[in-house]
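Position chain C against the provided structure of chain W, taking the given hints into account.
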Amino acid sequence: MIEVKHLVKTFKSGDTNVDATNNISFKVPDGQFASIIGRSGSGKSTLLSLLGALDKPTSGSIVIGGQDLTKLSDHELITYRCKAIGFVFQGYNLVPNLTALENVMLPMEFAKVSRAERKTRASELLEQVGLKDDKQLRKPGRLSGGEQQRVAIARALANKPKLILADEPTGNLDSATGKMIFDLLHKLSRSENTTIIVVTHDLAIAGKTDATFKLDDGKLVSK
Amino acid sequence: MNVFTRGIRNAFRNGIRTLSIVAILGLSIGLSLTMLVANKAVGNKIATVKSSIGNTISIAPAGVQGFEGGGNPLTQASVDTLKSLAHVSSISESINDRLTSSGDSSNTNLVSSIDAGSLGQRFGREGGFGGGFGGGASGSTAGQAQTFTIPVTATGVSDTSQYAGSAVKLTSGSQIDGTADKPVALIGKDLATKNNLTVGSTFTAYGSAITVSGIFDTGTSFSNNAVIFSLPTLQRLSSQVGDITSATATVDSISNMDSVTAAVKSKLGSTADVTSSKDQAANAIAPLDSVKTISVFSLVGAVVAGAVIILLTMVMVVRERKREIGVTKAIGGSNLSIISQFMVEALTLTILGAVVGLVIGVIGGQPVTKLLVSNSTTSATTTATPGQRGSFGGGSGFGGGQSTGGGGITRRGGFGGALGRNSAVKGISNIKTQVGPGILLDGFGAAIFIALVGSALAAGMIAKVRPSEVMRAE
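Listed in order, the protein sequences are those of chains W and C.
Counted from 1, the first sequence has number 156 at position 155 by this note's numbering; the numbering is strictly sequential.
Counted from 1, the second sequence has number 336 at position 331 by this note's numbering; the numbering is strictly sequential.
Some hints could be false.
Some but not every residue of chain C turned toward chain W, in silico, with C-beta under 10 Å [stated by the list, open to error]: (1) V8; (2) E329; (3) G331; (4) R471; (5) P472.
Rather than coming from a laboratory, the hints here were simulated on the basis of the structure.
Built from N, CA and C at the ideal position, the CB exists for glycine as well.
Isolated chain W, as found in the complex (with noise of 0.2 Å):
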C-alpha cells in the first residue's frame, strides 16, 4: 500500500515560494496500475519524485509498505531506491556505452547481487520484456526506441521492486509501440504484484489504468 498524507513540496522561485505539491494525500493498493494525469507544471514530475524517493518533501508523509519515506536518511533512501523502487523515463535514459543486458544488471549490480545470478535475471527480464538473444547484446545505439524502452522497463524490474514510477513511458513513442509498451507494463503488473504508477498526458492511456489522479496547480483535483 502506498499512502500519501498532506505532502507539500516548496520551490523557492526568486522571493517568492511556489508550492509544486500543496496539500497531495491520497492511497494506491498493492499491485495497482495507478497514472497521474495533468498540464504541464501541473506538479505530476515533482510527485512522482517524492514517491521515487529522489527528493525529500517539505511537509507530509510517504508511507510505502509501512516505512515512512520522510524518516529515511540519505544513504537510507539510496538503498531504499535501489531495491525498493523501479524508473522508467520518458527520454529510456539508458547508458550508451553498456549493452542491454549490462543496463539491466545495473541496478543488481548496486543491490549487491552476485554477478552470474544478474546475468540470470537481467537475461530473463529481458525476454520477458520480448528481447531475445542477439539483442540482448546490443547497445542502446543500436536498438529502436520501442525495444529500448523495453530494456529500461526490465531495467526497473531488475531488483522486483515494490513500485515502479514510469514518467511518459510512451512520449517518444508511435502510438502503436506506445501501446504495445503500456501493455506490457499492465501485464507486468498483473503478474510481479508490481505498484506502477504511471505519468502520462494520453487520457486514452490513463482510462485504462486502476485509478487515474488529476494534478491542477500542485493539487489533487480528481481521484
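Same frame as chain W, now just chain C:
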C-alpha cells in the same frame, strides 16, 4: 561489469577525445619524467662532484698563483704541523719545478713534448718566464723576442698515487714511493714518446741519472709533458730541501670543512693562502644547481598542467553525463560508486598518458638533460687547446720569489688540488641519465596523483547532481 570495468570502458567512449587527451597528457607526463630524469641525473652528478672534491683544503704559499706572483715557499715543518689538527685525515705535499733542455739554465736532457706554437711564442715574448727558460737568457727582460721552448714540469709529491686530481694511471712500469729519496721517476706518456724512453730507461735531470720507473697517461698533452718524482727526491735535486709549494689537506667529513679550514688558516697565518674545496665545489656545481632548480620547477609545472588537463576533461565529462549520473543515482547508484567509476576513468586516461609520457621521458631524458646542462655550464667551462694550460709560458713571469716553484700547473694549489677540481668542473657537463624502476614508480605515482587531483572537482560535481533534476528535465 563493475565499477572498474565501467570506468575503463567509459575512458574509450569517444575515441578521438581519448586519443587527444592521452596525447596531451602524454606530453605533460613526458615532460615531467624528462625533468625528473634530469633532476636525478644532475643530483647524482652534484653528489659525485661533492664526494670527489668536497673534502679537501688547498694550501699554497701566499702570493703565488701557478708560476705567477711571488712570496716564499711553505716549509715542510710548518705543513707537517697540520697533520695533528683534528679531523685532518691526511696531508699530501708537493713541490714544483721546471726542466728545460735549452739555454744557460738547461738542467735536463729531456726534450719537451709540446711545441711552443704561436701561443707559446707569444707568451715567451710577453713574459720574463719565456726568456728565462726558453731563450737561454736567464732572468732576461720581459718582452724580448726569442725562440721559446715549453719546459717540462717536474713535480715532487708525497703521494705519488695521485696526479692531476685523479689516480695516476700507469700505462707501463710501476709506482714509486713518494717518501723515499731515490733517483727514479714516473714520466708522462707524450714525454716518454718524444724522448724514446721506456720503463728502465734513464734520463738526466739536475745532473743526475734518473731511471724511468713507470709511464703515466693523464689524457692531456700538457699533463703528459711532466715528470713525477718523490717529494724528497725533487726537493734535493732542485735544491729546495724543506720547501713545499703546495699541500692538500683531506678532511674526514665535509661537515668539518669550515672548522678545519679556520684551524689551518690560524696555524699558517699570513704565510699561506688557504682555500676550502667546499667553496670551489659550490662554484663548480652552481650551474648544476640552477639546472636542478629549473628541472624542479618544470617538473611541478608539468605535473600541475597534467592535473589541470585531466581536471578540465573530467569536469567536461561530468557535465556531459549529468543526466546519466542522475539516472544512475535514481536506480540505486551511490555517490561513492559513481565517483569511483569516474576516478577509474580518469586513472585510465592518465595511465595511458603516463605510458606515452614514459616513452617520451626515456627518449627525451638524456638529450634534454644534456641541453639544459650544456646551456647552464657554457659560461663555467672553457676548452683548452692541446698543450696549453692557463697562462703557461708567459704573462708576468715569476716576480721576485726566491724559488722558481709556483703553485702548480694551473691555478692556486698545484696538482693535487686545483687541477683535480678543474677536471671535475670539466666533467660536469658529462652527465648520464638513467631511467630505472624508481623513475617508473615516480612516473606512475605522478599519474595517480594527477588522476586523483584532476578528478576531485569532478567528484564534487557528481555528489551535487540531484536525480530529481533528471526527472524534471524529462
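Outcome of the hint check:
no. : hint : result
1   : V8   : 8 Å, holds
2   : E329 : 6 Å, holds
3   : G331 : 8 Å, holds
4   : R471 : 7 Å, holds
5   : P472 : 5 Å, holds
Figure legend: structure checked against the earlier numbered hints; every hint is met.
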